[in-house]
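**Student:** If you want the building blocks of each chain, they are given just below.
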Amino acid sequence: MIIPAEYISLLISIVYTAGVVVFVLLFVLLCNWLERKISAHMQDRLGPMETGGWHGWAQPIADAIKLLLKEDIIPAAADSKLFRIAPYIVFMGSLAGFAVLPFASNLIGTDLNIGVYYVIAVTSIVVIGLLMAGWSSNNKWSLYGAMRSASQMISYEIPVALALLVPVIAAGSMSMNEIVQNQAGGFWNWYVFKTMPFSLIAFIIYFWASLAESNRAPFDLPEAESELVAGYFTEYSGIRFAFFFLAEYSDMFVVSAIAATVFLGGWHAPFPFLSFIPGIVWFVSKAAFLVLVQMWLRWTLPRLRVDQLMHICWKIFLPFSFVNLLLVSLWVVLKG
Amino acid sequence: MEAIFFIILSVVAIFSGLMVILKKNPISSILFLILALFTTAALYVMLAAPFIAAVQIIVYAGAIMVLFLFVIMLLNLNRIDEGRSTVLKTLGVIVAGTMLVVAAVVLRSVAIPADSAFLRGVGEDYGTVETFGRSMFTTYLLPFEIASFLLLAAIIGAVVLAKKKLD
Numbered sequence: 001m002i003i004p005a006e007y008i009s010l011l012i013s014i015v016y017t018a019g020v021v022v023f024v025l026l027f028v029l030l031c032n033w034l035e036r037k038i039s040a041h042m043q044d045r046l047g048p049m050e051t052g053g054w055h056g057w058a059q060p061i062a063d064a065i066k067l068l069l070k071e072d073i074i075p076a077a078a079d080s081k082l083f084r085i086a087p088y089i090v091f092m093g094s095l096a097g098f099a100v101l102p103f104a105s106n107l108i109g110t111d112l113n114i115g116v117y118y119v120i121a122v123t124s125i126v127v128i129g130l131l132m133a134g135w136s137s138n139n140k141w142s143l144y145g146a147m148r149s150a151s152q153m154i155s156y157e158i159p160v161a162l163a164l165l166v167p168v169i170a171a172g173s174m175s176m177n178e179i180v181q182n183q184a185g186g187f188w189n190w191y192v193f194k195t196m197p198f199s200l201i202a203f204i205i206y207f208w209a210s211l212a213e214s215n216r217a218p219f220d221l222p223e224a225e226s227e228l229v230a231g232y233f234t235e236y237s238g239i240r241f242a243f244f245f246l247a248e249y250s251d252m253f254v255v256s257a258i259a260a261t262v263f264l265g266g267w268h269a270p271f272p273f274l275s276f277i278p279g280i281v282w283f284v285s286k287a288a289f290l291v292l293v294q295m296w297l298r299w300t301l302p303r304l305r306v307d308q309l310m311h312i313c314w315k316i317f318l319p320f321s322f323v324n325l326l327l328v329s330l331w332v333v334l335k336g
Numbered sequence: 001m002e003a004i005f006f007i008i009l010s011v012v013a014i015f016s017g018l019m020v021i022l023k024k025n026p027i028s029s030i031l032f033l034i035l036a037l038f039t040t041a042a043l044y045v046m047l048a049a050p051f052i053a054a055v056q057i058i059v060y061a062g063a064i065m066v067l068f069l070f071v072i073m074l075l076n077l078n079r080i081d082e083g084r085s086t087v088l089k090t091l092g093v094i095v096a097g098t099m100l101v102v103a104a105v106v107l108r109s110v111a112i113p114a115d116s117a118f119l120r121g122v123g124e125d126y127g128t129v130e131t132f133g134r135s136m137f138t139t140y141l142l143p144f145e146i147a148s149f150l151l152l153a154a155i156i157g158a159v160v161l162a163k164k165k166l167d
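From first to last, the protein sequence lines stand for chains A and B. Residue numbers are given in this note's numbering: position 19 of the first sequence equals residue 19, and the series is strictly consecutive. Residue numbers are given in this note's numbering: position 111 of the second sequence equals residue 111, and the series is strictly consecutive.
Hints in this document: simulated from the structure, not taken from any laboratory. Where is the CB? At the ideal position from N, CA and C, for every residue including glycine. Careful, some of the hints might be misleading.
List time: in silico EDC-like cross-link candidates among lysine to aspartate or glutamate, alpha-carbon distance up to 16 Å [to be verified]: (1) B:LYS23 - A:ASP79; (2) A:LYS37 - A:ASP63; (3) A:LYS37 - A:GLU50; (4) B:LYS24 - A:GLU50; (5) A:LYS140 - A:GLU227; (6) A:LYS140 - A:ASP79.
Which residues of chain B face chain A? A few of them, derived with a C-beta cut under 7 Å, are [to be verified]: (7) PRO50; (8) ALA54; (9) LEU69.
All chains should be modelled from the sequences, with the hints used to inform the complete structure.
**Tutor:** Following this line, the structure appears as structure tokens:
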């Protein structure tokens, strides 16, 4: 029996997606443990030490089992349909970003010719999910959290997109693989350093704005526990809470991986003689390094106020990224 | 397989389009509208125009619909007043019916030319950002500039209105 080629490609996509989901689960388990350990050591504590033996390595597994076994409570006053599907939409939004991440030169879901733009588009799905979660809980803290996160994510989408356009203009392509291929041959060819100083500024703006877009500290106002209990997921428990958790950590990986792709050379080695190490190792370690920086910032900086957050976005990031974009376009035109 | 995807997507699009007007709760209407926009975006992808699809998602589903949701959720406009006048209802039916007739007439008069992209398949560069940008800044420069001017005017208007309130 001959199977048509399109069915085979469909099968390959399904297998690849399953692989990505497994990767996300493992990464989230690891990150959960790491975040606890990092926060503990930064605060002069030890963190989990008991579960599993060596430095409490099994703590995230125990946590996951706990969340799976917990009762799934849906408040009586909640809009139960929306309440039920909201966490899955949020998770889907951050998982969709993985489709265009180039893990290695030949390991990419689909090399869309609008890769960068696609990522910006699908991350906006997350906002809809968060709004649904916050509103359907029928709880004022949830609603405030959702409102904050929607206004924050919509505002910060603009500097993120403008910052990502800088390497896109320098590369002359939006395809993730092509952008990475343009950064071959040593770390001085990475876009962070290649088009100095424009892309360095763009990288800094992107990194800070992406922290805000993935609701991480110091921009974690939507879930500010000191004022909003837990923000939009106040009413969630059990497996649905676990999905919000998964979405947050996979979002951290996606934004870091995009930064690694467009600014830090993707799967290229920092020195040409190190290129015998497979590309996926470089890619994942660059992204993981940026995730570590995110954790480090979270446990170092205090949370901003809402007005400060908007001030930074509209009065600092936005003008800088516009001027930056104009200058880099001029530079590309002059260079010919 | 393309036909299967097309049927699924268009059935979902039409169903959610109907739900937008049939649902009483404005929040469900908006969410179904978002679903309709998404399925239309997927149809654009099937027409080899991924850029337009991404624009559709980022502009409509990602920004405009989120603002709609935002306003309705914040003001908690959950209950529509049931007692709408019959005059409005009749007017609505007349307007919608006229629109339908006009659309049907226009669609009937459009013939797909034999050498159209639909029939002969599309080239490699069809629907890419390059071709899109090129036609935007050459063939369609005037409409593009007029649209940007309108948007600029809207932005300035919004700033002026907001400033008045602050001062």
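**Student:** Would you mind confirming whether the straight-line C-alpha gap from LYS140 (chain A) to ASP79 (chain A) stays at or under 16 Å?
**Tutor:** Cα-Cα ~14 Å, so holds.
**Student:** Holds or violated: are the alpha carbons of LYS23 (chain B) and ASP79 (chain A) at most 16 Å from each other?
**Tutor:** This hinted pair holds, its Cα atoms lying about 15 Å apart.
**Student:** Given the hinted pair LYS24 (chain B) and GLU50 (chain A), is their alpha-carbon gap at most 16 Å?
**Tutor:** violated (54 Å)
**Student:** Please verify that hint: LEU69 (chain B), Cβ, nearest Cβ of chain A, below 7 Å or not.
**Tutor:** This hint holds: LEU69 (chain B) lies near chain A, its Cβ roughly 5 Å from the closest one there, short of 7 Å.
**Student:** Given the hint that LYS140 (chain A) pairs with GLU227 (chain A), test it: the Cα-Cα distance must not exceed 16 Å.
**Tutor:** Answer holds: LYS140 (chain A) to GLU227 (chain A) is near 11 Å, not above 16 Å.
**Student:** For the restraint on ALA54 (chain B), tell me whether the closest CB of chain A is nearer than 7 Å.
**Tutor:** Check passed: Cβ of ALA54 (chain B) comes within 4 Å of chain A, closer than 7 Å.
**Student:** Against chain A, with CB atoms and a cut of 7 Å, does the hint on PRO50 (chain B) hold up?
**Tutor:** This interface hint holds because 5 Å falls under the 7 Å limit.
**Student:** For the pair supplied as a hint, LYS37 (chain A) and ASP63 (chain A), is the alpha-carbon distance within the 16 Å limit?
**Tutor:** holds (15 Å)
**Student:** Taken at face value, is the distance from the CA of GLU50 (chain A) to the CA of LYS37 (chain A) at most 16 Å?
**Tutor:** holds (13 Å)
Of the numbered hints stated above, the single one contradicted by the structure is hint 4.
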